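With the hints as extra help, turn the sequences into a complete structure.
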Amino acid sequence: MIFCRVRTREDEPRGAAVSRQRLKASGGQALLESVFTLLPTFALICAFADFGLAMFRWTTLQNAVREGCRYAITFQTGASGHQDQAVAAVVQQYTFGMVTTSDTPQHIFVNYYAPTDLTTPVAAPGGNVPGNVVEVSVQNISWPWIAPLSGIIGQMYSSRAVTFAVYSSDILGAYPARVNSVTR
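Residue numbers (the numbering used here): 3 to 186.
Incorrect hints may appear among the rest.
[As the list claims (entries may be wrong)] Quick list of the computed label-pair ranges, beta carbon to beta carbon: (1) 33 - 163: 34 to 40 Å; (2) 61 - 106: 46 to 52 Å; (3) 35 - 169: 45 to 51 Å; (4) 95 - 175: 54 to 60 Å; (5) 183 - 61: 34 to 40 Å; (6) 162 - 76: 36 to 42 Å; (7) 81 - 172: 20 to 26 Å; (8) 72 - 119: 21 to 27 Å; (9) 58 - 119: 34 to 40 Å; (10) 173 - 108: 22 to 28 Å; (11) 175 - 54: 33 to 39 Å; (12) 162 - 128: 38 to 44 Å; (13) 36 - 95: 45 to 51 Å.
Honestly, the hints are just simulated from the structure, not real lab data. In this text, all values refer to a predicted model and were calculated from it rather than measured experimentally. We put the beta carbon where it would ideally sit given N, CA and C, even for glycine.
Written as structure tokens, this is what we have:
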């Protein structure tokens, strides 16, 4: 024969039951633990969003100057008839409105360099001749952080805005068919 014994309240250890008074007193502790959990979680979410948006902005600007450089090496002038203005318009088109050709101060720059001197730009007019190097850049673009956390992480992530400067360069190819020169 097998005997089974049913547990009763008297069988429980003396400290196992939690009193109502203790449950009532622990309400503030749950709130404090929630704050200590949620605050770093939201800080991390904001940091991921901030760094993600900054990377998106930088890569978008980098793609825009790369497309402007590709446009420049083919000596296209667009509707304006001037190569520099057409290149700036292409850069503006690819930046999704982050940069415009009418910005003051100017942010889009197109420079030409002789292959023998890559430190000094060739002065206008001229410079945009086959064999020279074209450099398309977007400079001094400011991006403020969404959630500045200065003092928590230090100088790496501060309340100061990030300033972008992106460059792309290539060698100008030959003039297109039936073209002898292009107005800069």
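Now for the hints, and whether the structure bears them out:
{"no.": "1", "hint": "33 - 163: 34 to 40 Å", "verdict": "holds (36 Å)"}
{"no.": "2", "hint": "61 - 106: 46 to 52 Å", "verdict": "violated (25 Å)"}
{"no.": "3", "hint": "35 - 169: 45 to 51 Å", "verdict": "holds (50 Å)"}
{"no.": "4", "hint": "95 - 175: 54 to 60 Å", "verdict": "violated (22 Å)"}
{"no.": "5", "hint": "183 - 61: 34 to 40 Å", "verdict": "holds (35 Å)"}
{"no.": "6", "hint": "162 - 76: 36 to 42 Å", "verdict": "holds (39 Å)"}
{"no.": "7", "hint": "81 - 172: 20 to 26 Å", "verdict": "holds (23 Å)"}
{"no.": "8", "hint": "72 - 119: 21 to 27 Å", "verdict": "holds (24 Å)"}
{"no.": "9", "hint": "58 - 119: 34 to 40 Å", "verdict": "holds (36 Å)"}
{"no.": "10", "hint": "173 - 108: 22 to 28 Å", "verdict": "holds (25 Å)"}
{"no.": "11", "hint": "175 - 54: 33 to 39 Å", "verdict": "holds (37 Å)"}
{"no.": "12", "hint": "162 - 128: 38 to 44 Å", "verdict": "holds (40 Å)"}
{"no.": "13", "hint": "36 - 95: 45 to 51 Å", "verdict": "holds (48 Å)"}
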